[in-house]
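Novice: As given, the protein sequences belong to chains A and B, one line each in that order. Residue numbering for the first sequence follows numbering that gives the first Met the number 0, beginning at 0 and increasing consecutively. Residue numbering for the second sequence follows numbering that gives the first Met the number 0, beginning at 0 and increasing consecutively.
Just so you know, nobody snuck in bad clues.
Taking beta-carbon pairs under 10 angstroms as the criterion, some of the chain B residues facing chain A (in silico):
#, residue
1, I14
2, T19
3, F26
4, E40
5, V44
6, Y105
7, R116
8, M119
9, G183
10, T187
11, N215
Read the hints as simulated data drawn from the structure, not as lab findings. Since we're looking at a predicted model, the values are computed, not measured. The beta-carbon is built from N, C-alpha and C at its ideal position, and this holds for glycine as well.
There are 2 protein chains.
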Amino acid sequence: MANPTAAMLVIGDEILSGRTRDSNMHFLAGELTRHGIRLTEARVVADDAAAIICAVNALRTAHDHVFTSGGIGPTHDDITADAIAAAFGVPISCRADAMALLRAHYDRAGLEFNAARQRMARIPDGASLIDNPVSAAPGFTLGNVNVMAGVPRVFEAMVASVLPTLTGGEPLLSQTLRVLRGEGEIATGFGALAADFPDLAMGSYPFVQNGAHGTNLVVRGTDPARIDAAMTRLAALFG
Amino acid sequence: MANPTAAMLVIGDEILSGRTRDSNMHFLAGELTRHGIRLTEARVVADDAAAIICAVNALRTAHDHVFTSGGIGPTHDDITADAIAAAFGVPISCRADAMALLRAHYDRAGLEFNAARQRMARIPDGASLIDNPVSAAPGFTLGNVNVMAGVPRVFEAMVASVLPTLTGGEPLLSQTLRVLRGEGEIATGFGALAADFPDLAMGSYPFVQNGAHGTNLVVRGTDPARIDAAMTRLAALFG
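Bound conformation, chain A alone (with noise of 0.2 angstroms):
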């Protein structure tokens, strides 16, 4: 599959202390399949600046695009925007644009703009920014890289404001046969028609009901009419 590739870097000590559960890698990776894009790789890493800079680095030269969430609000452990730009080498600086958007938010809710608010305005240099609908505080892209905010309803704002300036390919199409027979029963003609089938990807995913065991068979890639082959033998063989 030719489609682009992309990584995600979730960014933030809560996710790793077990306190918060991230929801932002299992809904981009729904936004991205839409869309065309292969999620091949996520990483979790604490707001640590070595570890960040480091994560970025590697995922940006092994991937398309590089989406990161967490770590871009007002107080000291929000350190990401300085750690991309460390990761990229470009200085970084409150931007005026971003100023004004902020500005312009805390006046209409009749808040300070103060210092730790104007810290939101720090920006890489060289970096487009990403429009927050919700709470103002723009998230930005910088070469391949979209640092977008953790808070979920920020962040899905911020993708869907990102996806549709990105080429997709084919969108990634699956369709899924039940079957009611353990993983162990199907797995030898299984794999004999996946092997029929390179270009396709076909996985197995073992599930208990009522105590019986049983499979979903996946089977997935982007042209319609090979995965409906494909749906054909394996509905002949286990259906």
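Assemble chain B onto chain A, guided by the hints.
Specialist: The following block gives chain B in isolation, referenced to the frame of chain A:
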């Protein structure tokens, strides 16, 4: 904090395509925190041998412990055991004790112990087995890498088998102060307080409740007296 560190590697196309939502990372994060082991990194890779080998070798040299989930079932897309053997450069073959465990399990269930199911007895040379009280097919520990199933019920049982064998550190404790002010209002004072407690980790997590902005201020560390001292000062500032 001198606690041992750990990394998690989630293996599976189904997580990256958005078909399945991973829950093992969140579970492991909480268990490790209670056991005094710091989860400092997590990665998700596809069912791809090169990706698994590369990630395992990066993680096992950088962390005290590595935990993997997924890819140890009977089907053709279950390639984790072979990839781990390749990462360590050791042979892999069907092992007598694993064969005996599986044969007994399928005999009890009245199911054929066929070639696909025998594949789950493939264990890299030098590994020790991890008990699977749910469905018999064992995980294994090779060096500092603990290889476990992806099915959450089995993963959780395997973690329960492995964790007591690992030397943890002092439990990682945390306390939270919930304040009904936005992050932008507390950031400056909170940052200054964090600087006074370099031995503790402090994070802020915004929320919205009935349209009002609030923030959870979390203090983490191993010394309860130091956490109490920080919480007292936090409460005086924002309580």
